[in-house]
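Engineer: Protein sequence lines, in the order shown, are assigned to chains A, B and C.
Quick note on this note's numbering: the first sequence kicks off at 1 and runs consecutively.
Quick note on this note's numbering: the second sequence kicks off at 216 and runs consecutively.
Quick note on this note's numbering: the third sequence kicks off at 441 and runs consecutively.
Derived from the structure by calculation, the hints contain no laboratory data.
All residues carry an ideal CB built from backbone N, CA and C; glycine is no exception.
Among the hints, erroneous ones may be present.
To be verified - Taking CB as the label site, the calculated pair distances span: (1) C:L467 / B:R220: 13 to 23 Å; (2) A:L124 / C:S480: 49 to 59 Å; (3) C:L467 / A:L124: 16 to 26 Å; (4) B:G300 / C:Q487: 40 to 50 Å; (5) A:L124 / B:D296: 42 to 52 Å; (6) A:L11 / C:R465: 13 to 23 Å.
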Amino acid sequence: MSRALGWLAALALGAGLVMGFGVAPREVIQGNVQRIMYLHVPTVLVAYLAFAVVFLASIAYLWRRDLAADRLAHASAEVGVLFTGLTIAAGAIWGKPTWGTWWTWDARLTSVAILFVMYLGYLLLRGMIEDRDRAARYSAVLGIIAALDVPLVHFSVYWWRTLHQPPSLLKPGPATMPQSIVAALVVNIAAFALLYAYFVAKRVTLLRREEEARA
Amino acid sequence: MTYARRAWIVLWKDVVTERRSKETLNALLFFSLLLLFVFQFTLGGDRERLVLALPGLLWLGFVLSGLVGLGRTFLAERENDCWDGLLLAPGDKSAIYLGKVVGNLALMLVVEAVLLTLFALFFNVDIGRAVPALSLVLLLGTVGFAAVGTLFAAMTAHVRARELLFPVLLLPVEVPVLLASVKATEAALAGEPLSAVAHWLKLLAAADVVYLVAGLLTFDALLEG
Amino acid sequence: MTADHWGFVVAAYGLAAVVLGAYWRRLRRRDRELTTLIESKTARATQPKRQR
């Protein structure tokens, strides 16, 4: 099953590249460096998806004590941290030529950085508890607290700073971006979502087999 | 035995233990005084700059001493082999959490009050008129720290390298509380009316509620052995 | 016209490809390791008892 997902993801990523470099036009204001967005925006959205899954899986675990939920939370957190790291890196690489600096403490970047550190801590906690059941329970609690914190982080950091582009995709009213750019974004978002699903599926399987091997 | 009574017993036990040994409070107060010196040595010279940074420095001091104090929440239970006692406690174990949170809140507020006074004295800042506003901000902010800190203290109690993991887990989660508290403190010290920072105060209140409810609901899961 | 900074674009996509590729390879490698591990475990478990 995960193999089919893998091929689908690869195909979609290919399509995404075509859309991002072939179909989407050269952006008027930023030039071609804007094409990094077709990587940066999907990775951040998928990262949020990953952490939402961690939240739900954590609740499911505490409620049902089903280790499958725990494995899903673990895998999703790992892939989420990966994508968050990529988001920050791609954002920094984009920021250097456009804003003139690798890093700035603007709202979006700071929020994502905090997110990165929170879930890195989640993985650290998991790594430091030997007992399987305890690791599952404690991680679940942390996964829930971290997710509940995300909106709080957003508002606090946003009120504290703003420099980032105003969110164009989710603004109500007519889209401020040309259709082809929106289309390229959507395809890439779908592609990275599929990649996330593939990675998580494989990771969950690996976790289950690790337990099997250890038994 | 009612829920409130059980929470009260946990709180009372900690207060009595602390009153006898005065270990934690004295150490924290001394630590805060030393922080004051460190701030002066690292940032001092220009008094203007220090006064401008005062809200941030205050909360830096609160957070650093809070990390030390909160991290020790379950130290007594751990060191004296009383952890199982917590596990075997009858009824809803979140009463233990509540008792511990209130205890931590009281401890942190005492340290904060002393630190605030010391800052005002040493850096020659008149905070008299700001005290009511500051009290509210300190209360709201400290509840936010105590609520999550107590939960994470239980979480890291049995983990190796807990002194490392506790701040690593707590600090990112507390960023909203920290930002809001510093901004509101800034306003209070500048003599602005609190209505100017109403959005920050509402965020603090919301955070406090979220953290406390989450703590009450999940604490049980941390104590299952 | 603003400069294109293609170098940065390549750097970003290149980094993503390397990181994601490395993660994928790690998953595959662990998968193979586990397969050998589990297979040797089941082989040992189902080995017929030595007759005297």
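Engineer: With reference to the structure, classify each hint as holding or not holding.
Structural biologist: Status of the hints after comparison with the structure:
With their beta carbons about 53 Å apart, L467 (chain C) and R220 (chain B) fall outside the hinted range of 13 to 23 Å. Checked against the hint of 49 to 59 Å, the C-beta distance between L124 (chain A) and S480 (chain C) comes to roughly 32 Å, which is inconsistent with it. In this structure the supplied range 16 to 26 Å holds for L467 (chain C) paired with L124 (chain A), their Cβ-Cβ distance being about 20 Å. The given range of 40 to 50 Å is respected by G300 (chain B) and Q487 (chain C), whose C-beta atoms sit roughly 49 Å from each other.
At roughly 27 Å, the beta carbons of L124 (chain A) and D296 (chain B) sit outside the given window of 42 to 52 Å. With their beta carbons about 20 Å apart, L11 (chain A) and R465 (chain C) fall inside the hinted range of 13 to 23 Å.
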